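Okay, here's what each chain looks like letter by letter:
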Amino acid sequence: MTDTNSPTPSASAMPDAQPGAITRFLHATEIDTRLLGMVGALLLIWVGFHLYPAISSVMRGGAFDLGLGNFLTPRNLWNLSVQTSYIGIMATGMVLVIIIRCIDLSVGSIIGVTGMIMGLLQAEYLPPLLGLGHPAIWIITAIVGLVVGVMIGAFHGWLIAYRGIPSFIVTLGGLLIWRGMAFLSASGRTIAPMDEKFALLGGGPYGTVGAVGSWIVGGLACLGLIYLLISGRSQRRKHDFPQRPVWAEVFLGAVGCGVILCAVLLVNAYPWAKGIVAQYAERTGQTLPEGTFISHGFAIPVLLLIGVGIAMTILMTRTRFGRYVFAIGGNPEAAVLAGINTRWVTLKVVSLMGALAGLAAIIVSARQNSATNAMGELDELYVIAAAVIGGTSLAGGSGTVYGAILGALVILSLQSGMVLIGFGDGSYQKIVVGTALVLAVYLDILYRKKVK
Amino acid sequence: MANTGTPLVELRDISISFGGIKAVDHVTVDLYPGEVVGLLGHNGAGKSTLIKCLSGAYKADGGEILINGEKVEISNPRDARAQNIETIYQTLALADNLDAASNLFLGREIVSPMGFVDDSTMEAETRKILKRLNPNFRKFNVPVSALSGGQRQSVAIARAVYFNAKILIMDEPTAALGPQETQMVAELIQELKAQGLGIFLIEHDIHNVMKLCDRASVMKNGQLVGTVNVNEVTDEDILSMIILGKKPAKAA
Chain A
665 MTDTNSPTPS ASAMPDAQPG AITRFLHATE IDTRLLGMVG ALLLIWVGFH
715 LYPAISSVMR GGAFDLGLGN FLTPRNLWNL SVQTSYIGIM ATGMVLVIII
765 RCIDLSVGSI IGVTGMIMGL LQAEYLPPLL GLGHPAIWII TAIVGLVVGV
815 MIGAFHGWLI AYRGIPSFIV TLGGLLIWRG MAFLSASGRT IAPMDEKFAL
865 LGGGPYGTVG AVGSWIVGGL ACLGLIYLLI SGRSQRRKHD FPQRPVWAEV
915 FLGAVGCGVI LCAVLLVNAY PWAKGIVAQY AERTGQTLPE GTFISHGFAI
965 PVLLLIGVGI AMTILMTRTR FGRYVFAIGG NPEAAVLAGI NTRWVTLKVV
1015 SLMGALAGLA AIIVSARQNS ATNAMGELDE LYVIAAAVIG GTSLAGGSGT
1065 VYGAILGALV ILSLQSGMVL IGFGDGSYQK IVVGTALVLA VYLDILYRKK
1115 VK
Chain B
9 MANTGTPLVE LRDISISFGG IKAVDHVTVD LYPGEVVGLL GHNGAGKSTL
59 IKCLSGAYKA DGGEILINGE KVEISNPRDA RAQNIETIYQ TLALADNLDA
109 ASNLFLGREI VSPMGFVDDS TMEAETRKIL KRLNPNFRKF NVPVSALSGG
159 QRQSVAIARA VYFNAKILIM DEPTAALGPQ ETQMVAELIQ ELKAQGLGIF
209 LIEHDIHNVM KLCDRASVMK NGQLVGTVNV NEVTDEDILS MIILGKKPAK
259 AA
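Line order of the protein sequences matches chains A and B. According to my numbering, the first sequence holds residues 665 to 1116 in order. According to my numbering, the second sequence holds residues 9 to 260 in order.
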């Protein structure tokens, strides 16, 4: 995803050729044109933010200096990946919720209340019982966070599916109620610090897997991709279905592996700060020379996002549950007539959303190393916007996990880009993100009309 | 036709009402193996509602359902499927955003030993059955919303036929079809009949009724006007049953 070169030249070089070639290329590789458009938009945003300082210096009479750009740097992209992770995780669940024609406005408040419960648990209740820094504290806390998220989601789901209250109302009520609960849980106090091991789940210099770990992750990802291409091909051959040409398979494999390996190189190119290296040396009793280069590598929340993304994709495309989710979104009546227990599926989808909000709460509180009652405020809107920018139809019935993750990346790129170019006070961010949301949906409507 | 022995299906004294309105009022119909029974009547006569009690979409307020002479409980579509009852709904009941194979196997997906849906096997099976029903069918990898009325109908029919139905309910299966496709459905009905299936056919076109059905049960205002053997009456007789609600004297 961080690779700015591989996917585009082949695609953007095409428009100069005759239109037949693009169509043939897209047909052979079976690349989703919407995905391509989204990646293109993302790269445009990235390059735009990177060039902005140089251009504005020219406008003020200075020289054109690309070195002024600070968006496309390992440091910024690494931070972007961590910021994207928790919104992305929730967006994958929101896709399912929206597909079944529901909405969940309460996810931000679920973060608030589960974050507070986890904060109190690990900072005030468990240490006296188990002893400060006990290795089980972070595990118990994380599990409790997930369970509370599931329970809140299941309660919402029950009201929606079995009591017939519209999801908009149930979760709008939830938005207010759980935010209020988050405040009451500790009378508005901020709970800090978090358990040391728990804090690793939020990323930060120590919450990463390092250079070697990142290469292992990247290698496994490449192997997985190649396996998928090969097994997909043999499945098609087995049933005599039309196959992609070999060059298209090789192209997809090469681009995919290229993107993965570039991402590894990128996260490994971002070193620990001097202070962290010194602290690390002191802790481990090593003597590290001045200027030792220790890579961050992938942050743990990013790996959580990748894991959730893969699991959710499998759930939606390879299981009966996922098939039923789509069927309910496409035609609820037909789903019932096909013998699907639509209420039970609805309850499960909303519970899953709750679990993912719980996981997001773990990442948020671990990342800021504290729990506050305002955690996750307005996140529900960013999560919904991410899903919608990612191509999820609010009419229900269609949406993809990878789209939602890309949508989250687009929103957070806009947000962090605005900060980098000096419009970070919040008002501009909101204006830009709001504009992007409306624009994205409008472009999608135009696209759908054209396809029809 | 001599109907002796146990009927395949008996709907006995079925009643169902919605908000005080009796949609079906003490109706009794039966169906024998290898037989096509037409259900006729005006719009709102209660045909579709009656049949939905058999397919599990509604649960009757009163009366009983017997399959092969044994009383069964059908309270949802899964129960009906378990009794080998398949239904082609007037609305087709397809999920528009899914492809033909996903619709055909909806609720009965083929899964691999790992528990994952086996899309390629399902697509292969779908190709096989549709090749038989509609040789012109090509669009396997697009959502059914992109299909023509006839193609969508083919998918709905394929779904009903694929799972070895013993009892088939067809709610106006030719309403959206052109002449050639209508002929294809007529041939299919003859073929299924020869295989010993029992078919309830809801149909408005009186010529189709005379051509395809063995018996016809006419409903009016939720009540059964009567059941006649089609080869003993004229189409005028049946029309007068539908319009006037009276059974012809000679067939009674």
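Take these hints with a grain of salt, some might be off.
To be verified - If you only want the chain B side, here are some residues facing chain A, beta carbon under 10 Å, derived:
| id | residue |
| --- | --- |
| 1 | Gly64 |
| 2 | Asn92 |
| 3 | Asn111 |
| 4 | Pro121 |
| 5 | Phe124 |
| 6 | Ile214 |
| 7 | Val217 |
| 8 | Met218 |
Simulated from the structure, these hints should not be mistaken for laboratory data. Just so it is clear, the structure is predicted and the values come from calculations on it, not from any experiment. Even for Gly, the Cβ is constructed at its ideal location relative to N, Cα and C.
Evaluation of the provided hints:
1. Gly64: holds (8 Å)
2. Asn92: violated (13 Å)
3. Asn111: holds (8 Å)
4. Pro121: violated (13 Å)
5. Phe124: holds (4 Å)
6. Ile214: violated (28 Å)
7. Val217: violated (25 Å)
8. Met218: Violated. Min distance 30 Å.
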